[in-house]
Amino acid sequence: MERKMSMRKLNFKNTDYSYIWIANEGKETIVMLHPAFADHTMFEQQISHFRMNYQLILLDLPGHGNSSLLSSKVTMQDVPNLLHQILTANNISACHLLGVSMGSLVAQAFADRYPDQVKSVIIVGGYSIHKANEIILKGQRKEGLKWLLYMLQPMRKFRDYVSSVSCYSDECRALFAQGSKHFNRRSFRSMAGMNTFFRRKDNPMPYPLLLIVGEHDLPLIRAAADELHQLEVHSQLVLLQRAGHCANADTPHEFNKTVEQFLSEIH
Numbered sequence: 001m002e003r004k005m006s007m008r009k010l011n012f013k014n015t016d017y018s019y020i021w022i023a024n025e026g027k028e029t030i031v032m033l034h035p036a037f038a039d040h041t042m043f044e045q046q047i048s049h050f051r052m053n054y055q056l057i058l059l060d061l062p063g064h065g066n067s068s069l070l071s072s073k074v075t076m077q078d079v080p081n082l083l084h085q086i087l088t089a090n091n092i093s094a095c096h097l098l099g100v101s102m103g104s105l106v107a108q109a110f111a112d113r114y115p116d117q118v119k120s121v122i123i124v125g126g127y128s129i130h131k132a133n134e135i136i137l138k139g140q141r142k143e144g145l146k147w148l149l150y151m152l153q154p155m156r157k158f159r160d161y162v163s164s165v166s167c168y169s170d171e172c173r174a175l176f177a178q179g180s181k182h183f184n185r186r187s188f189r190s191m192a193g194m195n196t197f198f199r200r201k202d203n204p205m206p207y208p209l210l211l212i213v214g215e216h217d218l219p220l221i222r223a224a225a226d227e228l229h230q231l232e233v234h235s236q237l238v239l240l241q242r243a244g245h246c247a248n249a250d251t252p253h254e255f256n257k258t259v260e261q262f263l264s265e266i267h
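Under my numbering, think of the first position of the sequence shown as 1, with each following residue one higher.
Because the hints were derived from the structure by calculation, they are not lab data.
Yeah, the Cβ is synthetic: ideal placement off N, Cα and C, and Gly gets one too.
Be a bit skeptical, because a hint or two may be false.
Ranges between beta-carbon positions, derived for each pair [as the list claims (entries may be wrong)]:
no. : residue 1 : residue 2 : range
1   : Asn91     : Asp160    : 37 to 47 Å
2   : Gln261    : Arg189    : 37 to 47 Å
3   : Asn184    : Leu145    : 18 to 28 Å
4   : Asp116    : Gln153    : 37 to 47 Å
5   : Leu152    : Asp226    : 31 to 41 Å
6   : Gln85     : Pro154    : 33 to 43 Å
7   : Arg199    : Val165    : 34 to 44 Å
8   : Lys4      : Pro154    : 35 to 45 Å
9   : Asp160    : Ala223    : 22 to 32 Å
10  : Arg242    : Glu44     : 10 to 20 Å
Construct the entire structure; sequences and hints are all you get.
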């Protein structure tokens, strides 16, 4: 039976914020959070795979995709609360969170603030908001300076650059290019407030944690995943061959199998 995809809206900060809802009554819910500069279409292969056995929620993060048309009063800082309200509005007591890169930071921030609404967290090409992140945050600041230089050029060059560093396969680059079309200079205003996500915590996370990293991702990302795995004794770490930063789009078949196995082990 085909599960219908629909667009729903939540009034949030006096703005109608749209999100994608794929109903599957009685099944567990997965919330999918995309990487920076792309949109929900980066999960094309995950939607088709998981919609039969899970209920799915996806949204374009502030400044991205359809949300790029909204005013900048909703920013990344608001997303944990936004997700909380979406789950509450749909009577969902708890969910699995699947985040890629920037989306994984949002997933962890939500889990930090609303732990009772979390069944598990899957971090793809990301790093911890709580620990083992000092080196990678320095690297991120350097990357931010590079973005500024690209921003002085036409947006097309910026989109081409972020696509090239985010993807290993042609298929992934095509998806990323499609999803980044709506990202513009104004979008950066909506990315404000992510610094509020970072809270130092040395204790292991209270939820099942899956870390997925592509073999062709940046050495900084791979090293951060290794260190986090050592600190989180109950975590699982999977290195996907022939995948880069957005492993879910580079090697969707292997990625989906990995996630499916992880979710099947959670009771």
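Tested hints:
1. Asn91 - Asp160: 37 to 47 Å: 43 Å, holds
2. Gln261 - Arg189: 37 to 47 Å: 40 Å, holds
3. Asn184 - Leu145: 18 to 28 Å: 20 Å, holds
4. Asp116 - Gln153: 37 to 47 Å: 46 Å, holds
5. Leu152 - Asp226: 31 to 41 Å: 36 Å, holds
6. Gln85 - Pro154: 33 to 43 Å: At 37 Å between Cβs, range holds.
7. Arg199 - Val165: 34 to 44 Å: For Arg199 and Val165 the Cβ distance comes to about 28 Å; the hint is violated.
8. Lys4 - Pro154: 35 to 45 Å: Holds, since Lys4 and Pro154 (Cβ atoms, about 39 Å apart) stay within the stated range.
9. Asp160 - Ala223: 22 to 32 Å: 27 Å, holds
10. Arg242 - Glu44: 10 to 20 Å: With a Cβ separation near 18 Å, Arg242 and Glu44 satisfy 10 to 20 Å, so the hint holds.
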